[in-house]
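S.K.: Okay, here's what each chain looks like letter by letter:
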Amino acid sequence: MSESWSPFAYIVTNLARFIRPHEVTFSGVNSSLPMLACLLARRAYDFDFTYINVAGGVDPIPSSVPISSSDPVLAEGSTAIFGNEDFYDLCTRGGMDLCFLGAAQVDGRGRTNVSAIGDWHHPKVRLPGGGGGAVMLPTAKRSVTWRTEHSRRTMVETLDFVTAAGGMHGVVTPIAVFVKQNDRLALASWHPESSLEEVRERTAFDFEAGQARPTESPTQREIEALAALDPERRFETDAAIVLRKEAV
Amino acid sequence: MSESWSPFAYIVTNLARFIRPHEVTFSGVNSSLPMLACLLARRAYDFDFTYINVAGGVDPIPSSVPISSSDPVLAEGSTAIFGNEDFYDLCTRGGMDLCFLGAAQVDGRGRTNVSAIGDWHHPKVRLPGGGGGAVMLPTAKRSVTWRTEHSRRTMVETLDFVTAAGGMHGVVTPIAVFVKQNDRLALASWHPESSLEEVRERTAFDFEAGQARPTESPTQREIEALAALDPERRFETDAAIVLRKEAV
Amino acid sequence: MGIARTAKIESVAKLAARIPDGASLALGGSFLHRGPFALVRELIRQQRRDLEIIKQSPGYDIDILCRAGAVRRARTGIVAMEGNFGLAPWYRRAIENGDVELEEHACATLTAGLRASAFGVPFMPCGGIHGSALAELNGWQKLPDPYGNAGETYVIPKIRPDFAIVLANEVTEQGDARVFGTSHWDRIMTRAADRVLVVAERQVATDTFRERPELTLVPHFMVEAAAVLPNAGWPGSCWPDYEVDYPAVEAYLGRDEAALADHLAAAPEAREEIAHV
Amino acid sequence: MGIARTAKIESVAKLAARIPDGASLALGGSFLHRGPFALVRELIRQQRRDLEIIKQSPGYDIDILCRAGAVRRARTGIVAMEGNFGLAPWYRRAIENGDVELEEHACATLTAGLRASAFGVPFMPCGGIHGSALAELNGWQKLPDPYGNAGETYVIPKIRPDFAIVLANEVTEQGDARVFGTSHWDRIMTRAADRVLVVAERQVATDTFRERPELTLVPHFMVEAAAVLPNAGWPGSCWPDYEVDYPAVEAYLGRDEAALADHLAAAPEAREEIAHV
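One line per chain: the protein sequences are A, B, C and D, in this order. Heads up, the first sequence is in numbering that gives the first Met the number 0, so the first residue is 0 and it goes up one at a time. Heads up, the second sequence is in numbering that gives the first Met the number 0, so the first residue is 0 and it goes up one at a time. Heads up, the third sequence is in numbering that gives the first Met the number 0, so the first residue is 0 and it goes up one at a time. Heads up, the fourth sequence is in numbering that gives the first Met the number 0, so the first residue is 0 and it goes up one at a time.
It should be emphasised that the hints constitute simulated quantities derived from the structure, not laboratory data. On a predicted model such as this, the values are computed, not experimentally measured, just so you know. Warning: the hint list may mix true and false statements.
[As the list claims (entries may be wrong)] Taking lysine to aspartate or glutamate and the DMTMM-like style, the derived pairs with C-alpha atoms no more than 25 Å apart in a straight line are:
hint, chain 1, residue 1, chain 2, residue 2
1, D, K141, C, E151
2, B, K123, C, D98
3, B, K140, C, E151
4, D, K141, D, E95
5, C, K141, B, D85
6, B, K123, C, E223
7, D, K13, D, D255
8, A, K244, A, E197
9, A, K123, D, E51
10, A, K140, C, E223
11, C, K141, B, E215
12, B, K244, B, E215
13, B, K179, B, E223
14, A, K140, C, D161
15, A, K179, A, D96
16, B, K123, C, D144
17, C, K141, C, E172
18, B, K140, C, D144
[Unchecked claim] Which stretches of chain B does chain C cover? Using the computed rule of at least three CB atoms under 8 Å from a CB of chain C, they are:
hint, region
19, 36-49
20, 155-168
Even for Gly, the Cβ is constructed at its ideal location relative to N, Cα and C.
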């Protein structure tokens, strides 16, 4: 079973599992995996939730799954256009239950760096920037991020720059799911093909793991939903996520 | 000629004469006379200007002239809906050239009271309130008001309450037109059937009148435009404006 | 938390029953135009008390609520019947008598307070105001520009109504609402309030909204419940469906108690109730 | 002062010629969607220099402008090519080399600065930000709530672009512009900027706008000039008219100089110019 659970499917599925009934859930730009997670949850779970996205869609019925997670096709079939000002305001006034927000580095307090590797003023790598992060992470009820690489350079003890603070509720990587506990990220579960030891080895910050165990395998409906969304594994191929590098 | 210039027509026409080419001119709620002035200017003057109103209309082509100056018919034929938030913001950011704003009392500095006669906390008469005044009067490039009664209780030395400050550019009454000069209202002209003496007699504040003379008679086009807007003199009858009371 | 896509249409009476005594209500529309007047009258029939009315330019709505003794506090910019009817007489009396407490605003200061709520911040800068006695009356504070580019600016405290109640032309079963012509301050009211109720002229198929989603003023997840009632804005207008019924407004203004009773009996939601029996 | 109802349609080249060296430009759209890209490329052909780019989520537009050396300063929230293309390579290099000065925002802080300008106030409160190093980096100030109901709130200084440039689906001869689907931050950009330019997919009869004025994003009196050019958002999308041309984006990303020249030559406005000769 676990060998069929690719790291790509692992991230999408575990992001989807953060979505709760009746909540308002948001996915933004540069966020293909959360976009797929929201669409997966619609198909795989027996509850209703409000899915709003950066294309202005509110519970849309997109005719196709776009490469760009801000593609206007994500507003197709929507009964309203809920634009950028609107969803940011919704978040700052406390009406956003779950936000998916990107990150390049995450620290043990769930803060993120999406700005620069190295010194901000003389960056080794200029990153995209945090988008909504600095405003949404402290104001959304829960925020969740994902990293397609789980390593000591992405799961860091000290961020090169604190783009956004406030603390992620959850972090999903190819090998692990973290959930906030007492203002720190704690390991909730690990990929069935990984282990607590591997997660510790590949994480630069300390974390609690008392409750942690192997991640529950994907349900048949989760598997089918993702297969329906990505029948030719185009997204999976493009994402090119590996469980672990050949030589770490 | 002057006997045909009713105080109603005098006010509408002189309000219209404050409108300048290419400017953005606004008329609001409770403002039938400025509404008529804007519509008159469209017909009588050979220049283009932007007429926006509280119904969201931008250069509308209303199919009829409504009793209520906030009637949605004032957005008929408009190519856009420029709603309340939009036109207030336009004003506060400096994009409103000419605002018509209501007043119950006006003082010599062109400040207005639209709140209460008597003490605000224990009013003899609770008035409507200033609507946009306190925000628009200080931020519009020019504001103009009108009073259907010209008396020492409307043109006052001391306002019962300062609803809005910043200074009117112009004030039109049944017998006079005032224009701001050095931060005070100065008499610009008087109704041909009135006189400087009468205006002084019926005005409680001091004013300069060095430039003042009888108001220029209405042009044929102004007369025709108003006749077309109010062919049955319904507005004129409803407004019931008199040049002077029988016994002052 | 969002409100799921369940069916949300109910009677005007049930909609009104969601509003408790003492609630603060942001009412949509302006003067005699696009007001959720059927719901306003239903609050009177249900004998609601101590309401706070928040609206830039109320008229008929606040007047009839004051006439029925349902109002404790008004937060308004300008109040009048408009048309040729002048002041709102029962509102005026209630203020002059001290029966109703007034927080007098400029319309834009009320909007600023609603914006603060909608944007999730405690205060909102507002242009103008300088020299107005409203600032001192309301205790509005001036702040210096911390960036040194401008003089002092007034900031208005957050205004968060318990309910926003708007009159829409069209609503879906799930509660999406759209408005034709100007929407006055309805948009910011729905973003500022804790709960949103919609009165609509008619229900249309959800696909109608899908074809032109740009016209939707409030998406379903923000709407708690909606009532559908043709002519719900009577005796006011609802563009482009109908105009002001001036004779009905004039009849309402009759000074005797029968005038109010007759007016309430003639309202469209009164006929709805009879039909529901 | 408003801009009268004169005919405002002109070529993309003339529209670009209105923008001087050193101007600050708020560009509409987001990433590869609804960007006024034809005008952006025309600025390169006209060898514009020292531009300031203001946009919450630029990508292709800021990248190609950096590639051409036209940018002095960027005020942005997130910059990427998106799709599967990752970072915007020439933008990245320009920042890393120090060729372009960056004012890094959260998207909502940029919006707050634009709102301050649109609302005519010197600063705008913005939720969140607490704990972000962006605050210190940008010198953003925290203010206490003068009404004592909340803790400290960050306020963002006013951002007033010289120009807002948006891509509309439809424009009238007089310059009214409408957009289908999301309008991103285009509305607030047009209210915040000193001057508004519109690039539109097509011109339609003014009566078309009169039939549904609620859809108009920018009324004519705010628009200085407009150009009409089908496919003006290429290689990005313009809903519902066309989708992203991914092969064209990929070709643009070719590292040699010919890739840029070929890309510019393949653009729709380049064909327009030939047609105009």
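S.K.: If you test the structure against every hint from before, which numbers come out violated?
M.R.: 4, 6, 7, 11, 13, 16, 17, 19
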